[in-house]
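All chains should be modelled from the sequences, with the hints used to inform the complete structure.
Protein chains: 2
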Amino acid sequence: MTDTETKPRRSAGRSGGRAARHAMRAAALADDVKPIWPGMPGGTYKPLKDSDLPKIHAAALRVLDEIGLADAPPSGIKAMTAAGARLGKDGRLRFPAKVIEAALAMTSPTLTLYARDPAHDLHLGGTKVHYGTAGAAVHLVDGRTGAYRDSTVQDLYDAARIVDTLDNVHFLQRPMVCRDITDNYALDINTIYACVRGTCKHIGASYVHADHVRKSAQMLHLIAGGEAEWRARPFVSQSNCFVVPPMKFATESCEAMEAAIEIGMPVLLLSAGQAGATAPVTIAGAVVQGVAECLAGLVYVNAVKPGHPVIFGTWPFVSDLRTGAMSGGSGEQALLTAACAQMHHFYGIPGGAAAGIADSKLPDMQAGWEQAISNTMAGLAGLNMVYEAVGMHASLLGFCFESLILGDDLLGQAQRCVRGIEVDESTLAFEAMSNVCLGGPGHYLGTDETLHRMERDYVYPRLADRSSPNQFAEKGSPNLVEQAALRKEDILSQPDKGLIPAQVDAQIRAAYPIALP
Amino acid sequence: MTDTETKPRRSAGRSGGRAARHAMRAAALADDVKPIWPGMPGGTYKPLKDSDLPKIHAAALRVLDEIGLADAPPSGIKAMTAAGARLGKDGRLRFPAKVIEAALAMTSPTLTLYARDPAHDLHLGGTKVHYGTAGAAVHLVDGRTGAYRDSTVQDLYDAARIVDTLDNVHFLQRPMVCRDITDNYALDINTIYACVRGTCKHIGASYVHADHVRKSAQMLHLIAGGEAEWRARPFVSQSNCFVVPPMKFATESCEAMEAAIEIGMPVLLLSAGQAGATAPVTIAGAVVQGVAECLAGLVYVNAVKPGHPVIFGTWPFVSDLRTGAMSGGSGEQALLTAACAQMHHFYGIPGGAAAGIADSKLPDMQAGWEQAISNTMAGLAGLNMVYEAVGMHASLLGFCFESLILGDDLLGQAQRCVRGIEVDESTLAFEAMSNVCLGGPGHYLGTDETLHRMERDYVYPRLADRSSPNQFAEKGSPNLVEQAALRKEDILSQPDKGLIPAQVDAQIRAAYPIALP
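As given, the protein sequences belong to chains F and C, one line each in that order. Heads up: the first sequence begins at 1130 in the numbering used here, then just goes up one per residue. Heads up: the second sequence begins at 1130 in the numbering used here, then just goes up one per residue.
These are computed hints drawn from the structure, not numbers from a lab. Hints should not be assumed to be uniformly reliable.
If chains are identical, the list can't say which one is meant, so a pair holds when it fits in one copy or spans any two.
[Unchecked claim] Okay, derived cross-link-like pairs now, EDC-like style, lysine to aspartate or glutamate, Cα gap no bigger than 20 Å in a straight line:
no., residue 1, residue 2
1, Lys-1434, Glu-1381
2, Lys-1184, Glu-1551
3, Lys-1184, Glu-1560
4, Lys-1377, Glu-1560
5, Lys-1344, Glu-1381
6, Lys-1617, Asp-1279
7, Lys-1184, Asp-1553
This is the structure in structure tokens:
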């Protein structure tokens, strides 16, 4: 139950004068002075009292010991009973507390999710926060018109290419299903291929079947430059819905998880109950169930291969109880996700959950507040992996490129909040106040301190507009979504970056049914 | 430095069966089962470490002792030097620490801001959260077209009428300037009148001149039913910008403040520096200056009348340092405001600050995330009075009715987050899980527990849309802002509610230059 943190990377030293500053700003901002960065520590927001955490843990242990989980595959039953789980006559696996504690002890408090470009490696642990896409949307939403159509493999590749350009989106988990590919094997292969070709950031993907996982290994080796290279820096993690809440293993997904362990692919243990439908209606109860299910998953993985890298994926969702439909954009969702982050810290293991989902069908004001509330709370709570953080509409049914691009600004702002407030002699600013007020200019504009902090402490949005009403009118009152659409078109008009070299691509195409031209 | 809290008002008892539940839902939801309510305690989010708070306090004390404030009016100098402040040869008043501590000791940890309808009284203290309007916008924004025009007294009256209908907007501080009234005396009088006629919630207003405060007293007595009645339950507080940051008293505003004290009107001591322009560029430094200025104000008020009701109004704003323009919609703003709430709790006195400001010119996705991030963080931080929370665009230059109405949904969601997570044996839900999983239906839909909590624990938005893409399309893809405009038209088509009885109205019109027909 450690909570390792990183310090802000930068010194508070001053820069070397006005000319240097101007030169600095003229160039792209160097990484070490950017005001926000992936992996900043959160944890300033704690929806649960510290005394609540052991209560939730105790409830989860009781659930695992007395209720247990049904429907484990034979291989899982064998591995988990060998680790100490009990198989009941009702077919449910039940877990004594010591079995859970043993699995927790085998789980590393830190985990690196590799990217093909090491600059994008994600160092999970403590309260370090990363934001990215995720989901299984079946529609692509036209931000301009709000029209929904089936999502395609080209859309997935385009999503990856856009994510590759967005500073505040740190990883790409597959957000959409390629509905133009009906064969399940081809679907799994093309999903990986489209993501890998589009971005050099870390990728998360799902698989329909264990065989597909094994068959995809060769492609991953080709891209990595060999099996050893892949196993040293696996750049794809498997998002695995290993349970069907409440408290049943998803048999085929468990088999796919075993295959991921075999090929050295990190596993996101994803429990996606829905409060009031497939999870208890109370927020605390939905957390208990999600935690219990993921703890069972942790036993499973460690029984198969001790210490295999795992993301503790408590992803409870929320129902609109009037209809039973999911409401990922609700305040209840934001609370659920933030509470899960606290449980990850309680256990001291890397975790992820879902935030940033809009119930709104398009990128309007509702979408803005829905995405912002849960993303901000997840970040402030110190969630390691904020999945679904951007682009997601209609409670996960639709993915929107314009929203993805605007979401980069939204996430930048959330990340500025995660960075928080530095308090030291320099930031307390007595000298600055004294200089300004006692014989000084009476304002802080243009002081060295102000100029120094202009790019280091302050985040500026790219598309969000801060001009005055007059300036805005003079610009022709630019529509926000239209601006995002223009940026999208600019990004997608660029040629393929060659992230998969031609020779490798040819080898892949010789071995796999690649759909993208 | 107390931190009094209220418990949730409701028992966790179950309701009396299905028929009773159906009857309950058919009627308007009774107040005691609503999922959110004014004054819920926040405080789960703490951007500053506990150890930072005394550092900020110490820095503020040093600022007050060594830098002090210029430009106090003669009456203020007299009162504050009598209380122990030192007048320097440079004209600045400086404050020894003991003078500050004495003023803090004279300030009550709780404060009731009365409303004409006692159901809307605001009980400030601890981390209890209330949201409302505020500001001095000079434009009314047409949500449909984005057009800006000068705001009028009719707009202010309409804003008050809309606020009167919105559950999640707890008070009306004047959000717009009546630009059709050019005489300053008439402006001050008509501002109060338009607000009071439009809503029975607590009202905040500004005054241009001390004489206007005194002259308005008779109107307030008429409305209250007499001077004693007004003084017993003053339903208007004075929003007073008593400083011109950095560290100067605003002479005329101070005189208006003294007049407010005279007539028994609570005072919002409002320090509105702008980080990087009129306040230090660092967040910590801007908090220090705002706290120092408000502490000086606290000395001032208590020197004039010990224990006069005061809201500690640290309202630091943020500059976009590229232009020097204000950016109320930024992440830096959200942090500033939340940090101020923590300082209010440190002192154990009621406080307010600004959140919910959009830089966007109209109610679009940008406005949604800008309003949401700061409002949510202010609420989670436990800010007593969240001013500017709704309707505010273009960094306070424009007020928008459609945004105000949509903001009611946004604030409902923020308030659900403030309510937080109850953890007890019932919410941990072991029995519910056991019943559902072991021989039960395998899901939680329609269980007694789920139905019981459907209206008590879950917040449902009024205009925000949660339907599926197909349902949404079948409804004709309703535009969110258009829905808000239709609701606005419905509210404003209702006849005046007679909040000022005809006889009183006639007396007011005989004594004052009332502009509204």
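Results for each hint:
Only within a single protomer do Lys-1434 and Glu-1381 lie at most 20 Å apart by alpha-carbon distance; the minimum there is 18 Å, versus 75 Å between protomers. For the homomeric pair Lys-1184 and Glu-1551, the shortest alpha-carbon distance between copies (12 Å) is at most 20 Å, but the shortest distance inside one copy (33 Å) is not. In this assembly of identical chains, Lys-1184 and Glu-1560 lie within 20 Å of each other by CA distance solely across copies; the values are 15 Å between and 48 Å within a copy. Taking the shortest alpha-carbon separations for Lys-1377 and Glu-1560, only the inter-copy value of 17 Å comes in at or below 20 Å, while the best intra-copy value is 62 Å.
Taking CA atoms no more than 20 Å apart as the test, Lys-1344 paired with Glu-1381 passes inside one copy only; the shortest distance there is 16 Å, against 79 Å between copies. With identical chains, the CA atoms of Lys-1617 and Asp-1279 are at most 20 Å apart within one copy only, with a shortest distance of 19 Å there and 36 Å across copies. In this homomeric assembly, Lys-1184 and Asp-1553 come within 20 Å of each other (Cα to Cα) only across copies, at 8 Å, whereas the closest approach inside a single copy is 37 Å.
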